[in-house]
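Using full-length UniProt numbering, read the sequence shown as starting at 1 and increasing by one per residue.
No wet-lab data here; the hints were simulated from the structure. Bear in mind that the values here come from a model prediction, so they are computed numbers and not experimental data. Note that beta-carbon positions come from the ideal geometry of N, C-alpha and C, so glycine has one too. Mixed in with the good hints, there may be bad ones.
[Unchecked claim] With a Cα cut of at most 16 Å, we get these calculated EDC-like pairs of lysine to aspartate or glutamate:
1. 8 to 101
2. 87 to 108
3. 21 to 99
4. 21 to 104
5. 87 to 75
[Claimed, not checked] Here are the simulated distance ranges between beta carbons:
6. 127 to 75: 21 to 27 Å
7. 58 to 101: 19 to 25 Å
8. 98 to 18: 20 to 26 Å
9. 79 to 58: 30 to 36 Å
10. 110 to 46: 16 to 22 Å
11. 18 to 53: 37 to 43 Å
12. 101 to 79: 32 to 38 Å
13. 14 to 87: 20 to 26 Å
14. 135 to 70: 34 to 40 Å
15. 13 to 146: 31 to 37 Å
16. 133 to 56: 24 to 30 Å
17. 67 to 87: 20 to 26 Å
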Amino acid sequence: MGVEIERKFLVDHNQWQQMPKPIGTYFRQGYILSEPGKTIRIRVTPDEGFITIKGGTTGLSRLEYEYAIPAVDGEELLNNFAISELKKRRYRIDVGGKEWEVDEFLGDNKGLLVAEIELESEDEKFILPPWVTTEVTGEARYYNSNLSVLPFCKW
1 MGVEIERKFL
11 VDHNQWQQMP
21 KPIGTYFRQG
31 YILSEPGKTI
41 RIRVTPDEGF
51 ITIKGGTTGL
61 SRLEYEYAIP
71 AVDGEELLNN
81 FAISELKKRR
91 YRIDVGGKEW
101 EVDEFLGDNK
111 GLLVAEIELE
121 SEDEKFILPP
131 WVTTEVTGEA
141 RYYNSNLSVL
151 PFCKW
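With these hints in hand, go ahead and build the complete structure from the sequences.
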């Protein structure tokens, strides 16, 4: 069984702009199913695709199953079956031996910067980078599935 344990934080724009960072990866991400307690997501980068099935969140944890698919299949699934979609650029940054993923949202979500860290357990300790601000774990409006239907520009 796949389990995702994740915490999510907003990112300080000024600090983010000033820091050196790796080249980000462009993501096109859409939802075939998005309802309380379960989502089916398709994600495509320039080189690969993924289908991800997620369950409802309990605490910081939720069931997650993710499988690689050919990018061309991912594009076809997005084009033919997605009910909502968003675009973003993702940066992976190591802090204290843990990988942080920082999403710079594009399109109608432009201006939103969100950092996520996946943990081994809900009580795992980790270092907060100086560019991280408010924790938004569990705040539904920051879920990607919700951003795809009610984007940041409409808040």
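Hint-by-hint comparison with the structure:
no.	hint	verdict
1	8 to 101	holds (10 Å)
2	87 to 108	holds (9 Å)
3	21 to 99	holds (13 Å)
4	21 to 104	holds (12 Å)
5	87 to 75	holds (13 Å)
6	127 to 75: 21 to 27 Å	violated (37 Å)
7	58 to 101: 19 to 25 Å	holds (22 Å)
8	98 to 18: 20 to 26 Å	holds (22 Å)
9	79 to 58: 30 to 36 Å	holds (34 Å)
10	110 to 46: 16 to 22 Å	holds (20 Å)
11	18 to 53: 37 to 43 Å	holds (38 Å)
12	101 to 79: 32 to 38 Å	violated (25 Å)
13	14 to 87: 20 to 26 Å	holds (23 Å)
14	135 to 70: 34 to 40 Å	holds (36 Å)
15	13 to 146: 31 to 37 Å	violated (21 Å)
16	133 to 56: 24 to 30 Å	holds (27 Å)
17	67 to 87: 20 to 26 Å	holds (22 Å)
Violation of the numbered hints given earlier is confined to hints 6, 12 and 15; the remaining hints are satisfied by the structure.
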